[in-house]
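Asker: The primary structure of each chain is shown beneath.
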Amino acid sequence: MPQRTKRQKIQPRHAGGKPGLAPGTLVFVGERKTQKVRIDVIAYSETSLTERADVSVDQCRDFLRAPGVVWINVNGIHDLELIGALGACLSLHPLTMEDIVNTSQRPKTEEFQEYIYIVLKMMAFGEASRLVKVEHVSLILGDGYVISFLEDEGDPFDEVRQRLRSANGRIRAMKADYLAYALMDAVVDHYFLAIEGIGDRIEEIDDRLLTDPRPEDIQEVHRLKRNILDLRKAVWPLREEIGALEKRESPLFCAETKVFLRDLYDHTIQAIDMLETLRDILGGLQDTYLSSMSNRMNEVMKMLTIIATIFIPLTFIAGVYGMNFEHMPELKWRRGYYLIWGIMIAIGIGMVTYFKKKKWL
Amino acid sequence: MPQRTKRQKIQPRHAGGKPGLAPGTLVFVGERKTQKVRIDVIAYSETSLTERADVSVDQCRDFLRAPGVVWINVNGIHDLELIGALGACLSLHPLTMEDIVNTSQRPKTEEFQEYIYIVLKMMAFGEASRLVKVEHVSLILGDGYVISFLEDEGDPFDEVRQRLRSANGRIRAMKADYLAYALMDAVVDHYFLAIEGIGDRIEEIDDRLLTDPRPEDIQEVHRLKRNILDLRKAVWPLREEIGALEKRESPLFCAETKVFLRDLYDHTIQAIDMLETLRDILGGLQDTYLSSMSNRMNEVMKMLTIIATIFIPLTFIAGVYGMNFEHMPELKWRRGYYLIWGIMIAIGIGMVTYFKKKKWL
Amino acid sequence: MPQRTKRQKIQPRHAGGKPGLAPGTLVFVGERKTQKVRIDVIAYSETSLTERADVSVDQCRDFLRAPGVVWINVNGIHDLELIGALGACLSLHPLTMEDIVNTSQRPKTEEFQEYIYIVLKMMAFGEASRLVKVEHVSLILGDGYVISFLEDEGDPFDEVRQRLRSANGRIRAMKADYLAYALMDAVVDHYFLAIEGIGDRIEEIDDRLLTDPRPEDIQEVHRLKRNILDLRKAVWPLREEIGALEKRESPLFCAETKVFLRDLYDHTIQAIDMLETLRDILGGLQDTYLSSMSNRMNEVMKMLTIIATIFIPLTFIAGVYGMNFEHMPELKWRRGYYLIWGIMIAIGIGMVTYFKKKKWL
Amino acid sequence: MPQRTKRQKIQPRHAGGKPGLAPGTLVFVGERKTQKVRIDVIAYSETSLTERADVSVDQCRDFLRAPGVVWINVNGIHDLELIGALGACLSLHPLTMEDIVNTSQRPKTEEFQEYIYIVLKMMAFGEASRLVKVEHVSLILGDGYVISFLEDEGDPFDEVRQRLRSANGRIRAMKADYLAYALMDAVVDHYFLAIEGIGDRIEEIDDRLLTDPRPEDIQEVHRLKRNILDLRKAVWPLREEIGALEKRESPLFCAETKVFLRDLYDHTIQAIDMLETLRDILGGLQDTYLSSMSNRMNEVMKMLTIIATIFIPLTFIAGVYGMNFEHMPELKWRRGYYLIWGIMIAIGIGMVTYFKKKKWL
Amino acid sequence: MPQRTKRQKIQPRHAGGKPGLAPGTLVFVGERKTQKVRIDVIAYSETSLTERADVSVDQCRDFLRAPGVVWINVNGIHDLELIGALGACLSLHPLTMEDIVNTSQRPKTEEFQEYIYIVLKMMAFGEASRLVKVEHVSLILGDGYVISFLEDEGDPFDEVRQRLRSANGRIRAMKADYLAYALMDAVVDHYFLAIEGIGDRIEEIDDRLLTDPRPEDIQEVHRLKRNILDLRKAVWPLREEIGALEKRESPLFCAETKVFLRDLYDHTIQAIDMLETLRDILGGLQDTYLSSMSNRMNEVMKMLTIIATIFIPLTFIAGVYGMNFEHMPELKWRRGYYLIWGIMIAIGIGMVTYFKKKKWL
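Protein chains in written order, with the working numbering: chain F, 1456 to 1816; chain Z, 1456 to 1816; chain R, 1456 to 1816; chain D, 1456 to 1816; chain C, 1456 to 1816.
It is possible that part of the hints are untrue.
Note that the list lumps identical chains together, so a pair holds whenever it fits in one copy or between two copies.
[As the list claims (entries may be wrong)] Cut-off 30 Å, straight-line C-alpha distance, at most; resulting in silico cross-link-like pairs (DSS-like, lysine-lysine):
(1) Lys1630 / Lys1488
(2) Lys1702 / Lys1630
(3) Lys1702 / Lys1563
(4) Lys1814 / Lys1702
(5) Lys1630 / Lys1812
(6) Lys1814 / Lys1680
(7) Lys1488 / Lys1688
Treat the hints as calculated values from the structure; they're not laboratory data.
These figures come from a predicted structure and were not determined experimentally.
Chain F on its own, in the form it takes in the complex (with noise of 0.2 Å):
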């Protein structure tokens, strides 16, 4: 049986920290890391672009008060000191703070008084495990910056950085809300990439059960059904979530970029699709693993029902002509031991002949 990865736990993370908590305390519930969260940053307008890996948060400040338009992204959530600064920085609220770093979160979007706050999950399909590891990301949006905030090293956003780079797409001459939907669009496209890989499993999957059904496949088929039970809680959410952005009229969006998060929606909701043709495949690769496993049970069985049926009576006629009574005349006919062979021979014949007929054979 494959060996179950370390993540994949039953037991629910906790949410809130411990009971009783104030509202707002910092409690990262995620696995524990200790590799230095890095602070990323990219300050751009429609002529020029300023790219800064590994700044402080002080460094990060400054950059806010530049014009144009400011990315910071910072890689990990585990480091709460810091968190706790950036947020201090950014005067955000203490719920605001204590969901960046609740990696239980499910996604989300709040409207402050000055920024957006998106929570969204992200997907990436992990060759060793065979399944898919959802990461928390927060994303927040305010006027003129966007600050994303990842659970892990793990980059979805490579892409959106080399088309910043590239002087003349559309995303230079666009406000933040482009870029926050840019990166929201970046992480959506990964789910499609999860979902394939998932499909290429499940397709491997199929095609073993038909020929050679093991025990293995179906603790594999329930284990990949919990995962996509996992990715649909992330998905479903962010569809309302991306729905409720389009329609809310905050001076944060534009019009021109709410045309965006309606494609951005359509893509959602195909993974929505997807993820939920998946899960039917799979229930069907359950009933196919059943009837498999039962067709060979009923071949088994049936095997062993001829193979009984046809040589219990002739042993029980030899045994009959193994008994030792004085008298028996059959046993001293010339041919009785030929008669009986004959006997014999016909009935298994007969036997075989009524199995064909009812199509048992």
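Fit chains Z, R, D and C to the given chain F structure using the hints.
Answerer: Showing chains Z, R, D and C alone in chain F's frame:
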């Protein structure tokens, strides 16, 4: 087992091209094809009709300037350059063009300043694969023109063309919105043919399941179920879409055409009803198959039980008198052998009677 | 197994004729019939009543011009020419006429300028097929007239006719809308008869399943389930339809009649409730059948096990003393044979006791 | 198997009498009864109370003219003449009277000019049938009077009567709307008794299923399930109905009573919750039964397998040395017999060990 | 099998006391307890805090007159007299008091003139029963005070008390509405602990089901499922309730607190998500168990089949040569015995090879 056709892949096709590409980038995600994409044009008014096959994009532009209704039909969407040129000439929104070539886009309608964009799905029952193939169809309804994009040469629009050519139909007297309706109606009419194809197939299997159930049949039931799931995804959103078109206050759709849209809406619901019925029937077939299989198994098991329970005790008796003890008085009895036969026959008859009473035989 | 009647085809009937036909083209999709379509007319006011059977379309026109309420009943919809002529005489919309002859049209109401068009479904329990047959009924309610179209001669409207003939009922005093209501009410009242027919049939099967389950019964359960699915499709939309009629602000329906529509709405819900109950019961019957079958199987298997497990060891013992070794001291013992019998009987009794303790016997 | 009570017929009872009868025709569809229908009247104000049993319709009319609140309780609805007379005296709408005697009418409220008509259902757990019986209750709330119609003598209103008689309760101080509420509350309170009755029954079965599952139990589970389906149909519409009463702007219900209606609404939801819980539990019991049965079957099969797989090879060995070949050297060996015993015992122990290792034993 | 704890009764507890009691009558329906009900009071403002344990109702009244926020916590609801006195002192509506002591009341909020009444449910994972126990909690939020009623001494509010005592938290600076929020938040935070408790338990079972499935495990799965059904009933209505509180325009809840209510709403949804996940997992465990059991059964059956089908024919052969016919030439052959061994071994090897080819071995 019928071979799986190349198209029926489990793996969801990629929706938005490579992740992170700028939105509006044209990425064709269907099967690569090499044949030339042909553009046909029909321009007509109540009194005249001009038909031209295989025109260039420039010629299209000329047609669009003429009065009357122009219908441009594009047979293929894999030539991204040509689609791009056409899009530019009609000043389509980049997202519309992305959706035209993205065969995994689900049915929808989008209203832009200059035109209404309609995505729907064609269905064709493939005799070889005995499954329904779903194809991507896009319609663009502008002021005085309709542009249709088909994925393949397989053409659902022939009858519409015939009706256009015969000068006396209602279609010639009406505007472009009626043409768009007529094209959608032709697509939906083909649904019924495709659904009937599946229905015939299901009926065949249903007949066989009762008389001679085979594992292949249940495999095909699973395959058909999956196929119907795909079809539902093509029809369900279409229903909402047509309902929305009917309600939308667009200057492009006149009231007279809306009555026909309501009729089309009815047809779509009918197609959904049929699909749901087929789905229910397939579910019933699975039950039939399972109970058929288990009936058969029960018969086999009963046969085993009867043979075994009759002969096992008899064989034991024969075994007893096959023992070699020196002092076994029965062996010396003159009529011992016949007595034993009598006992054994009595036991056999007794058992058969018991089974008959229990209704096992 | 009861024969499948001709009508109960799985294959969905074609909805809109040949694909691509102009909408409004009349295509009859039911069973081809040859008998003549008869038109009956009843014209009445509070004080007078004229009844004429087998009238021509021209005579209909004359009746419609007269004051009072006119009810035209068309017994058959397979004579497209006659339907067309009648439609022309009443200036019906082409789509209405398409729906009148399209027996696969689901229940709906449509309001046109001059009339309200109502589609509903008749139900009749067929004694031979032991299934409910669904028929297509269309009503057209105009100012002062009602036209009803029946698929067949089988006529649900006899009681309404009786009430019309007796001069003192409420029906004679009221307008055409009340007549339309009365006809719909008669149709819905027949639902209860049909549902009771199925209910009786289900009760018969239920009784038998407990005492003597047979594979045919489960086949019939499946068939009845499918039948009920069809009926639900006939009743569910009717409910919404009547609800809509009640709410609609049409001059053709007066407030007094709407109270009765609400009552009809209640009856429809009751019919739905009964169908849902029957469906649940059928689901329960399947469970009963399965557990009945598996109980029986378990009994059979237990019998096999008990016989086999008792006699297999005994046969082994007999086999041992049937061996031909020269040095087998037990064979020489005077009481060896009786001893062995004792041992075998003891083993037999021990096993039976063990099985009894385990509650297997 | 517990006998099926007469009431628990599968067949749906006819709803609207003979098909085609004029609406408003009184048709009693319950069980025919012969006992006399008794009318009891209580007239009260804050300071006085008059109670009269077995009054005539004319006496009712006199009571209704008096000031204060009048409660007329009709114990039986099978005397259509009496109901008709009462309806005429109160000028009830014909459809109301049809619904009063139609025991298959589902719960609903209807507001007429002069009164509000309320249909609800009584529940009583029958000790003999161990099922809940559903009865039809109608209430008519007019200005200053409440009329209640019960199907049977079984009377849920005793406690209300007691409270009326004791002069100091809230009920005497309030209007007819509060009395109507109190009657509905009494009916709903009886639901909990009935549901508890079923709950006790389910608990008994649950206990037995774990220790000694029997086919009768699963039959009873099915029966209880069907019973709960019936109860749900009685409670679900009641909930909506009370919700609607609370929201409706009727002069007959004052604001003070509406607070109590909200409480009643809560109780109804609680009853629904309990029914749903019981339904889930019954579903679980079915699973328990099935897994219990299959566990038992597995044990039986294991026993068979172990006995058979141990002794079949041993019997073969004994059979070999029972052969009568002239040249079988082992037969001549001095210790051949003991050696063979040793081999057979070794094989037996080996097999048992193998089974233990495989955890089959 | 783990013992069923006393609390986990199937039987629904009675909701509104004896049927027909006047509404507002106090009836305690939980477990009878005898310990004294203790009332604790904390009165605080931003600068001061007074804490008093075990106060009388009269003392409560004094506290309520003081400025600042007063929190009265009642540890037990089985002393109906005390609850009645407290209710009178606060002039609570009779229905509120009925709901405070009615432990089967589902979560809800009700707004009265003077106060908001909030019902919610506590959860505590019991280590002994390995199930979650649900307790009844009532909150009354008035102008300047919060009164909380707990069913038991088990107290979820300790952390809130700690935060109140430390003078520098946000809680001291805010009004009674924030205190009510903090108490609800504490209750909801405990949900996660309880759900984790179940989650751990499920994980244990999940691990065991794969390696060593036992009937007890599936019994526990059923028990946990039922438990989760109960929990869902506690959380689902809470969600709507908090959503309603957030939207309600009550002067008792200020805008600042509503942001926190939204956060609480998120937490509730998260709890629901976790419960749904656990439910799905339990459903999966049932499947795993069943397929595990049937795998095991299949293995057992295969073993039987293989042993039986190999040895039954061989035993027959041995039986044949154990017959006592006088003329059996093979018995006289010098190498007959060895030949027969050879044939039997060949048949055995042939069969094993056949089984291997069929992948049964």
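Asker: All hints are to be evaluated individually against the structure, with a verdict given for each.
Answerer: Going through the hints against the structure:
{"no.": "1", "hint": "Lys1630 / Lys1488", "verdict": "neither (34 Å within a copy, 39 Å between copies)"}
{"no.": "2", "hint": "Lys1702 / Lys1630", "verdict": "within (19 Å within a copy, 33 Å between copies)"}
{"no.": "3", "hint": "Lys1702 / Lys1563", "verdict": "both (14 Å within a copy, 18 Å between copies)"}
{"no.": "4", "hint": "Lys1814 / Lys1702", "verdict": "neither (65 Å within a copy, 60 Å between copies)"}
{"no.": "5", "hint": "Lys1630 / Lys1812", "verdict": "neither (79 Å within a copy, 68 Å between copies)"}
{"no.": "6", "hint": "Lys1814 / Lys1680", "verdict": "between (38 Å within a copy, 28 Å between copies)"}
{"no.": "7", "hint": "Lys1488 / Lys1688", "verdict": "within (25 Å within a copy, 37 Å between copies)"}
Taken one by one, the earlier hints fail for this structure at numbers 1, 4 and 5, listed in ascending order.
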